[in-house]
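Working from the sequences, and respecting the hints, build out all of it.
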Amino acid sequence: MRKGPLVVTFLVATSLVAMFFIPHHKVQEGQSVLLNWANVVYAFALILGSLTLWVSHQKKVLARADGWQYSVVTLAALSFVTVAGTLQGVEEGTLVNRYYNMVNSPLASTMFALLAFFIASAAFRAFRARNAEATLLLGTAIVMMIGRVSVGEFLWSGFPPVTEWLLDVPNLAAKRAIALGIGLGAVSTALKIILGIDRTYLGRS
Amino acid sequence: MSDALNTSWFDPARVNLLVGLALFIAFLIINISRAKGGSNMYIRPMAGLKAVDEAIGRATEMGRPVLYLPGLGDMSEAGTLASIAILGRVARRTAEMGCDLDVPGYDPVATTIMDGAARQAYIGAGRGDAYRPGTVHYVTTQQFAYVAAVSGFMLRERPAANIFMGSFYAESLFLAETGNLTGAIQIAGCDQVTQLPFFVCACDYTLLGEELFAAGAFLGQEPVQLATVAAQDWAKALAAAMVVVSLLASALGHPELGQLLQTR
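Chains as they are written, first to last, in our numbering: chain P, 1 to 205; chain S, 1001 to 1264.
Be aware that one or more of the hints could be misleading.
Claimed, not checked - 25 Å max Cα-Cα, derived PhoX-like pairs, lysine-lysine:
id	chain 1	residue 1	chain 2	residue 2
1	S	K1036	P	K3
2	S	K1236	S	K1036
3	P	K175	S	K1236
4	S	K1236	S	K1050
It is worth saying that the hints were derived from the structure and are not from the lab.
Structure (structure tokens):
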């Protein structure tokens, strides 16, 4: 079995953990260098990713698979951004910059704006009073919604303080309990990888 | 005048973290020894993970794909690492059942690594020839372009099961609601506390908090992997006990213990 990648992982990870506890400026500079190397790896992976993107969409177009027209748009956009970005760069006023500001950003904002409708449909489903827990959730949600709008204070001055209490006490307690578990889970996952217990990331079981 | 260069070799403000880490490693070693010694490593059953097999089976019967979403995290995030381990298990089950798997990637580095993990899972299941290049494929690093691509896939291909495991952000509800509209079985696990309510609303099963990190071990049922979950539970019990003790000490006029637990 190849042990090289496991040894490299162990050495780099334990070095970074040690660097976290050592504030010496030389060590901190070393840590910055190590972290910058990750950007180099990322750049190569981006090229690889773009190639797989091209290949998978090209296959769809050639096979006239369902929705192949969208793949044509993807390939055209990928070609345009790659060629224009290579020739002109991405600074203010260039084609890629204008494409980003006039096409990409408005599309992303439009998608984000749809979130309100998704929240409404999810809330409608979640707030059905099917059992005691769902009824409690519904009651809490009603108090929260009324308490967070101006009319809530007009109806009863106690609404805003109640919503603050709900957010700061039961809600925060639950969030912190989950966050504690997540923190410990993250440490456990990191240790499994550092110690070579979990090797799935190397393509091994 | 420039700041003086730091020449110390240990940050005393982080001694509590170092002690915590040492304790965690000790718990890990003890539990791995117990596992290797043949002790029974019990993990309480998690409904969401038991449903993974059911979801893949349903997809196989319906002749539809399983969609696995690894989240928007990069390789520096523990949620992504946990997701890779879970993907390995899920890919093994889809390989065994002969079901199509589709994994759209967000981060190019993570996508490349997940491709290797999925391919190896197929080989491990004795179905290496069934692994379709492009099963794990890169989509984009633009958050809402990713949402558009995955939502489009859900609506066109109608996967029978959607599995969301990893770090999700504002896109969580878009993806989970679109999947809900298509009628797919949905199982989610996320390490972002603020996104969990959205998954709870829109998915059939949701893994909360540390359950995401235990999922890989649970699905594999290997003793050493289960030992790491036991170590995690011991650490959690210790942390909870310390919180209660420091709370009581503060109430009795001794806040020093609570201050010892503070980090920076």
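Check your understanding: Checked against the structure, which of the hints given earlier come out wrong?
Key -> No hint contradicted; all consistent.
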